[in-house]
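2 protein chains.
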Amino acid sequence: MKTLLVALGKRSYPIYIGSGLLSRPELFKKHIKSRQVIVITNTTIAPIYLDTVLKNLDDYVIEYLVLPDGEQYKTLDSVTQIFDKLLACKFSRNATLIALGGGVIGDMGGFAAACYQRGIAFLQIPTTLLAQVDSSVGGKTGVNHPLGKNMIGAFYQPQCVIADADVLDTLDERQLSAGLAEVIKYGLIRDAGFFNWLEQNIDLLLARDKSALAYAIEHSCKNKAEIVAEDETETGVRATLNLGHTFGHAIETGVGYGEYLHGEAVAIGTCLAADLSRRHAWLTDVDVERIIALFKHSRLPVVPPAQLDAGRFLELMAVDKKNIDGKIRLILLKKIGLATLPVDVDRERLELTLKTYGRK
Amino acid sequence: MKTLLVALGKRSYPIYIGSGLLSRPELFKKHIKSRQVIVITNTTIAPIYLDTVLKNLDDYVIEYLVLPDGEQYKTLDSVTQIFDKLLACKFSRNATLIALGGGVIGDMGGFAAACYQRGIAFLQIPTTLLAQVDSSVGGKTGVNHPLGKNMIGAFYQPQCVIADADVLDTLDERQLSAGLAEVIKYGLIRDAGFFNWLEQNIDLLLARDKSALAYAIEHSCKNKAEIVAEDETETGVRATLNLGHTFGHAIETGVGYGEYLHGEAVAIGTCLAADLSRRHAWLTDVDVERIIALFKHSRLPVVPPAQLDAGRFLELMAVDKKNIDGKIRLILLKKIGLATLPVDVDRERLELTLKTYGRK
Numbered sequence: 000m001k002t003l004l005v006a007l008g009k010r011s012y013p014i015y016i017g018s019g020l021l022s023r024p025e026l027f028k029k030h031i032k033s034r035q036v037i038v039i040t041n042t043t044i045a046p047i048y049l050d051t052v053l054k055n056l057d058d059y060v061i062e063y064l065v066l067p068d069g070e071q072y073k074t075l076d077s078v079t080q081i082f083d084k085l086l087a088c089k090f091s092r093n094a095t096l097i098a099l100g101g102g103v104i105g106d107m108g109g110f111a112a113a114c115y116q117r118g119i120a121f122l123q124i125p126t127t128l129l130a131q132v133d134s135s136v137g138g139k140t141g142v143n144h145p146l147g148k149n150m151i152g153a154f155y156q157p158q159c160v161i162a163d164a165d166v167l168d169t170l171d172e173r174q175l176s177a178g179l180a181e182v183i184k185y186g187l188i189r190d191a192g193f194f195n196w197l198e199q200n201i202d203l204l205l206a207r208d209k210s211a212l213a214y215a216i217e218h219s220c221k222n223k224a225e226i227v228a229e230d231e232t233e234t235g236v237r238a239t240l241n242l243g244h245t246f247g248h249a250i251e252t253g254v255g256y257g258e259y260l261h262g263e264a265v266a267i268g269t270c271l272a273a274d275l276s277r278r279h280a281w282l283t284d285v286d287v288e289r290i291i292a293l294f295k296h297s298r299l300p301v302v303p304p305a306q307l308d309a310g311r312f313l314e315l316m317a318v319d320k321k322n323i324d325g326k327i328r329l330i331l332l333k334k335i336g337l338a339t340l341p342v343d344v345d346r347e348r349l350e351l352t353l354k355t356y357g358r359k
Numbered sequence: 000m001k002t003l004l005v006a007l008g009k010r011s012y013p014i015y016i017g018s019g020l021l022s023r024p025e026l027f028k029k030h031i032k033s034r035q036v037i038v039i040t041n042t043t044i045a046p047i048y049l050d051t052v053l054k055n056l057d058d059y060v061i062e063y064l065v066l067p068d069g070e071q072y073k074t075l076d077s078v079t080q081i082f083d084k085l086l087a088c089k090f091s092r093n094a095t096l097i098a099l100g101g102g103v104i105g106d107m108g109g110f111a112a113a114c115y116q117r118g119i120a121f122l123q124i125p126t127t128l129l130a131q132v133d134s135s136v137g138g139k140t141g142v143n144h145p146l147g148k149n150m151i152g153a154f155y156q157p158q159c160v161i162a163d164a165d166v167l168d169t170l171d172e173r174q175l176s177a178g179l180a181e182v183i184k185y186g187l188i189r190d191a192g193f194f195n196w197l198e199q200n201i202d203l204l205l206a207r208d209k210s211a212l213a214y215a216i217e218h219s220c221k222n223k224a225e226i227v228a229e230d231e232t233e234t235g236v237r238a239t240l241n242l243g244h245t246f247g248h249a250i251e252t253g254v255g256y257g258e259y260l261h262g263e264a265v266a267i268g269t270c271l272a273a274d275l276s277r278r279h280a281w282l283t284d285v286d287v288e289r290i291i292a293l294f295k296h297s298r299l300p301v302v303p304p305a306q307l308d309a310g311r312f313l314e315l316m317a318v319d320k321k322n323i324d325g326k327i328r329l330i331l332l333k334k335i336g337l338a339t340l341p342v343d344v345d346r347e348r349l350e351l352t353l354k355t356y357g358r359k
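These protein sequences, in sequence, are chains P and A. Quick note: the first sequence uses numbering that gives the first Met the number 0, first residue 0, plus one each step. Quick note: the second sequence uses numbering that gives the first Met the number 0, first residue 0, plus one each step.
One chain only, chain P, in its complex shape (with noise of 0.2 Å):
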């Protein structure tokens, strides 16, 4: 097992990594400092590892709430269902909830805890790769709005986060791609050397190659822990880990929240934000093509619905945390392994891009 802090001085918490995680009581117990505990999974993920959680608590006052499966359940009622659980139980402020699942559970758990008599405390047991390697990691908690995702939410940091490798052998392909996606988005942004090893060893990593999952995540999120480290509420640098989302929530939010895996929409648009970026003369041709090839061998779409046309894309675009006062900005690539900030967007360039690539 390894471990890995992320370090956010009284908010500081262990990243565990390895195998048969999920079957070690200590982990869990060592960071629940009550008799009452809630897991919160749901229904693709309860059927295979809930009772290999319960069985590690089985001396606590333990609940769980088994939610649907999918992002379009990330919602304030699901959250609701949370609250109402809880109460139902009667859990006091000291309890502890456990978030065994993707990003979505992991996202709403963590939204959960945040709010409940003010804050909980919680344990993020992702089940996916994105979860593993991304959502799970760094505090940001919340739900999607109708017109937009994650606009709801607070950043709020969990006691520790389990991420067992061993999980990954039953998710499906789908499932796993989408968490390459951003496992990619670490090279791009601030690893070159990472981006060219996921270049050389992507088919080990389709292949589940154990070895090379556990040195893709691991590396991933000593990347996600030293960005979160420097900039906890996204005041700067955090942004960069946004590289290819705002196309990527517009695509989410327009086509219909869980049409797309969020991996999805975020590898195409990482390959629309690169695109954008060639036009700012920061990559090249060739740079542009070695981003899509690579997304395209991780069997991710590369290509924005046709349904979504550029007026929709900005439309869809003008909701997105990093815009200010309604301009939209975002972030873009200087190079491959070096992301900018937030960048106010020539509006010019931007519709070309929307209108041009992928298109017929």
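If you are wondering where the hints come from, they were derived from the structure by calculation, not from laboratory data. You can take every hint at face value.
A pair holds if it fits inside one copy or across any two, identical chains being indistinguishable in the list.
Capping the alpha-carbon separation at 27 Å, the derived lysine-lysine pairs in DSS-like fashion look like this: (1) K326 with K54; (2) K295 with K221; (3) K89 with K354; (4) K28 with K54.
With chain P fixed as given, assemble chain A onto it according to the hints.
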């Protein structure tokens, strides 16, 4: 104008107390860092003060939302209306929210500000005595749940509090008295001298004597600011501000939100807490009589509703943020001017109080 500081490091902010403050644009503008401003208010306050506030900000992109008035509307649904409005207006993370109203508007506006895009700036403009002396100061935000008061929320500090004493001219009598309940609380928990002053000056306060009210507001805010500076997230002394509140919340939830004003329920709850403190031989009979007399004199109820019997009280009190692992914990009084920290209550004594105090 007096200025008090709530000293919370980077999150420090001023409380402005005085006359005519609603018409001083510079007070507002000093704390608004962006172009986009939304005012959240209610149907009682909007016709009286909304225009005055909007006039201060006519050079901003300004929107407003008028919510129904009353504790029964302090819900996630109302907060969702605020999110809908903010998103419909495409407001950014650098927008500012102004909460113009009593405790309900302040708590919901603050919570919406805490969660919208994971946190936007907000200003508190309390328009009731209760909000001026208590709920607008200290960053407790949130909403009620059918099973418990203030069960969903966040600690989230405003940029400033603007307490304009003139708004109390339009406050109805019942609301004025409700505010006095929280004023009296400060005397009881940490300021015996202030309690004595209140006993002598209660008639002036009820007659809305400007200088008596100003003294009471300033003194209350000073007490609150000191406590919050010492313990922002209620791990210790801040809990003393909850004197009478566990009983009070049980009344509000049990009878139905909006039936009692919060201050009215707190008055009854504080009398119950005083009775229980007497059973611990901390307060004397004379102390308890003085406390009840001051609430009565303030035109506040001092007897719990007949419909809530001891059993129902205990059930409702089982959901409280001070409880640990389901055990009821209360703030009691060691003497007038000195509160305990949360104590595990002796069940027998608690039942005696619930069965006998104020019962025929």
